[in-house]
Amino acid sequence: MSKSVLLKSSLAKKYWMALTGLFLCLFLVGHLLGNLQLFMSGEEGKRAFNEYAYFMQHNPFIKILSYLTYASIIFHAIDGYLLAVQNKKARPVGYAANKPSANSSAASRNMAVLGTVILVFIVTHMANFWAKMHFDKMPLHSMTKTVEVPVGQDPMTGEVIKKPIEITYYLTTKGEYKEQVYKDPSSGQKQEVFDVKDETFFIDKNSGLKLGEGYKDLHSLTYAFFGQDRSEVGYKANEYALIAVIAYVISMLVLAFHLSHGFASAFQSLGLRHPAYTRLIKGFGQAFSIVIPLAFAAIPVYIYLTK
Amino acid sequence: MSVLDSKIPEGHISQKWTDYKNHLKLVAPNNRPKIDVIVVGTGLAGASAAASLGEMGYNVKAFCFQDSPRRAHSIAAQGGINAAKNYQNDGDSIFRLFYDTIKGGDYRAREANVHRLAEVSGNIIDQCVAQGVPFAREYGGLLDNRSFGGTQVQRTFYAAGQTGQQLLLGAYSAISRQIGLGRVKMYNRHEMLDIVKVDGKARGIIARNLITGAIERHSGHAVIIATGGYGNVYFLSTNAMGSNVTAAWKIHKQGAYFANPCYVQIHPTCIPVHGTNQSKLTLMSESLRNSGRIWVPKKKEDAEAIRAGKMKPTQIAEEDRDYYLERRYPAFGNLVPRDVASRAAKERCDAGFGIEANDTNEGVYLDFSSEIKSKGKQAAYAQGIHNATEEQIIALGKKWVEEKYGNLFQMYEKITDENPYELPMKIYPAVHYTMGGVWVDYNLQSTIPGCFVAGEANFSDHGANRLGASALMQGLADGYFVLPYTVSDYLANEIRTGQIPTNTPEFDEAEKRVKDTINQFLNNNGSRSVDHFHKKLGLIMWNKVGMGRNEQGLKEAIAEIDQLRAEFYKDVYVPGSADELNPELEKALRVADFMELGQLMAMDALQRKESCGGHFREEYQDAEGETLRDDENFKFVGAWEYKGSDINQSQLHKEELNYEFIKIAARNYK
Amino acid sequence: MASKYININLKIWRQKNANSKGEMKTYKLDQVSTDSSFLEMLDQLNEQLINNREEPVAFDHDCREGICGMCSLYINGRAHGPDNAITTCQLHMRKFKDGDTIYVEPWRAKAFPVIKDLVVDRSAFDRIQQAGGFVSVNTSGRTMDANAIPIAKIDADKAFEAAICIGCGACVASCKNASAMLFVSAKVSQLALLPQGKVEAKERVMNMVRQMDEEGFGNCTNTGACSVECPKEISLDNIARMNREYMKAMVTAE
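Residue numbers (my numbering), protein chains in the order written: chain L, 1 to 307; chain F, 1 to 670; chain Z, 1 to 254.
If you're looking for bench data, these hints aren't it; they were derived computationally from the structure.
Remember, it's a predicted structure, so these values are computed and weren't measured experimentally.
A hint or two may mislead.
[What the hints assert, rightly or not] Below 30 Å or equal to it, Euclidean Cα-Cα: the simulated BS3-like pairs (lysine-lysine) are:
1) Z:LYS25 / L:LYS89
2) L:LYS178 / L:LYS210
3) F:LYS398 / Z:LYS95
Given only the sequences and the hints, what does the whole structure look like? Please build it.
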């Protein structure tokens, strides 16, 4: 099979669009399932989400999948761009009067525009979360508790004198909370137990031995990004949270339209059409295009509203 | 001895073609690429001929005026194609198809040709199925058949109401394959405007590229004309707008005799004329007569009330309806041959019972209500409903009709804006097919050596009336199974000729003729459009050389056309220039030929003092209004020789028809 | 049918020839019978233009009964006008109102260049057909008997429903990508469904698609506009079938 047929033929291009598109639909499902954990706030929710995020970043199988996802996005975009350019060229002179609404849905006619918006979203989305997660030094998953620590005994009464000390625990990938910072709230004096190197590794100050690994606190990042203040763990509330929420919701709306045509269309492109199943595919596609983006969009809205 | 040698081979009718074929000369495969064949027209006959000759290895050049060979008007044939396969085991045979065709043609067709047609009819179906033509099939997977007017067997193969389309697309796929292989060179949007003869033989054509207007010379060792019929001489017909007689007429002017021009088939079931701007008439398939009953009101006042819009046909009681075909022809009823059904409709309308509210009141009803009821009852029984209500029955009946004729009913509604499930269809006869055409011998060769004529353009197989589903059969028979043999026989003498040059005086002269005519029209600067004259010609033809003809009317027609022709040349205005796409110029060139042909048709009708098939002379009818043939004096093919621009000088030659194998009898469908 | 007469305004694309620039021109036409077909209305306009010594509008048409596929026209933003399942020649003026302005444009596609006014060159369709739209069987009359291979009625019917394509080009005209997929897939489907055509199914689909791409048609994005505007209502099933056929041919090519 010659390369030109695989890449250049109009039908093969459609197969690629369909295959990458369907794969990305699967990705959406996975991504959403993970994200749904964001509905849980509190330490438990935070822990669950951050553990999940760590898992997604470190599991070799997931890594392969993620590379596939990046490749699919890039291929889907480039292939789509090439198709759109070719399609544009196929009609150099347009109509003076045109009424396409009589024969096709708006979504189906605007896949390239919708796709471009989604691509822009993906880029900003990745810059805001993925890139930080991968490249930035981020505050780690921590939990601060104030503990009354005995500092001595009242010589008069013999009572134990306690002093509130803020202890910050870092969660390790082993699941234990390690004490890292002791802070005297009155004096403001701080003492660190170990060093954090290479973003996430806990290193013993003296021996230089690795004590464990922490989790990047994506949960708090996300909450802060969408408006909740998490200064206590190092994330200030985003000033532009409302804009971020609105942009996110709009992007999901665009995604919904893109999917409302794209899902069933992919099956058609692959030739998977049969009187008995096509209605099912179409119905499922419509449901998919509503449920998935809606669930995605609900998360930032929830975060914003519960701030 | 007549100058017309039909070259019918000796022997028993069933062996003639086989024996003849065995003795025809052949051209060896290595010689075929040295020979050029021109095919004009790419309908069933032309496309199949071009494809077959291309497959054999000849250099074929094919021409059509449409933008693609797939558009030829063969595509519009609805009902079906006959073949003596006897798949239904109802007693059909080659002989019966042969017999039905001769009888249907009112004993004015040539026996040997028709028998050959019946012989190859089965091969056509085999060939088409092999090409992937999707004929209708039964649940068992075998081919389905239906019956058509004028026969008592089921031998019609069909593809819903689009048989012509499917067959043409089959032939188109065959010619496309040859074009792809480089063996056929296709010239779309080209119109043949003259033939070139060298030493008496057809050696090429002059064609106009309709896009650039360029006048082109094309040479060939043989020229095949397959350009269809001339029904558009009537302006209004079921023909396509572009259908024309020009190619056939040009070869007539160069020496090919034109046979039986007065034989025109008027199809009984077309949608009536609606107004003066109407450009074309639409056929409703003959198959509808299987289920519809034709009637007009019994009382004139009812007819008048309907025309005035004061009454609906459904308000006329059963006993006040005149089912005139059932009344006159109880044996065949609504399924009498086309000419008979058409004339009966005209008779009723002429008598004042027409129901259409147009200028001429010409229209009758084709009513499906009886069929809806009876099929509805059957369907109810089949579903186990034994005491079905009237509404249930009608609903089921309508469903049955919709399954069977849905697309036709829809088409009718689109055109007329009336719902034929509720109101009876209005129909009236319209010009449909022309049995006459260029005279050809058994080889389908005209009186110009090397010039062959196939399909509707020739005269050979249908006599004075064509049976339904026979035109498709003839077109493909000529193209696939006759011409490849007979043209090769002719070309066997041409292997030493070499390429024919186009820079000879003969080509110069032909090209000059064409250019002169074009310039004459463009410089005429008259005041009337081409259509103005065409419509006038059509009216004369319809009124005086139409369904009923008489001596006085024909004489008037001849004189009126003469006059109209003079007026046309004086006063026609053709806009635009010669070197561009110029549809008005194309029309002018075609109408010029129609004028001459129309006159010849009237002359032919005048000389034929008898009534036969589609030719009805009012003077020659029996007491019940049936046709009266005169076999003693008119059992001949009337072939006209062109004698200059005064058509009145054309000379009639007669080819006697001999019926050796069929007993000639009066045609009776009662 | 009660005849009515309406007055209309027409905006029609006029272009002298393939090389010249065209433009929309406005015409007024009075006394148009609502029983006229759209093309009869154009005849009437041309008669008026000729009488005024203006150049008549060139448009393709032939059979005027919806089967030859010659007529085209993009009318008020839709291929074959504002009615479904018909060709322009079957469109009647009763679909319009008195005083309407009607836009009439040629098919627009790179692969269908304008020849003049409303006439376009659709020979690209012929070339696609020539690339493989046939069964390679010579004329002999000695093929096997037509009933030798039974074909399931359902397959024969499906093949027929694909085969009724009239090649008018409305699918290309109404597709936002000027794609010819519906046309090509109809022919591919017809022959792929029949045993006679299966033998060379792979070569056929590869060759026809290659030619389709070379002609400069756009790609299919499954908007479905083609099928809605198709005068013969050719189904999208055919496109899916062609997609299958092509994939089969592609992955098993030797």
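A quick look at each hint next to the structure:
1. Under the criterion of a C-alpha separation no larger than 30 Å, the hint pairing Z:LYS25 with L:LYS89 is consistent with the structure, at around 26 Å.
2. In summary, the hint linking L:LYS178 to L:LYS210 is supported, as the alpha carbons are separated by about 13 Å, within the 30 Å threshold.
3. With a C-alpha separation of about 26 Å, the suggested pairing of F:LYS398 with Z:LYS95 holds against the 30 Å cut-off.
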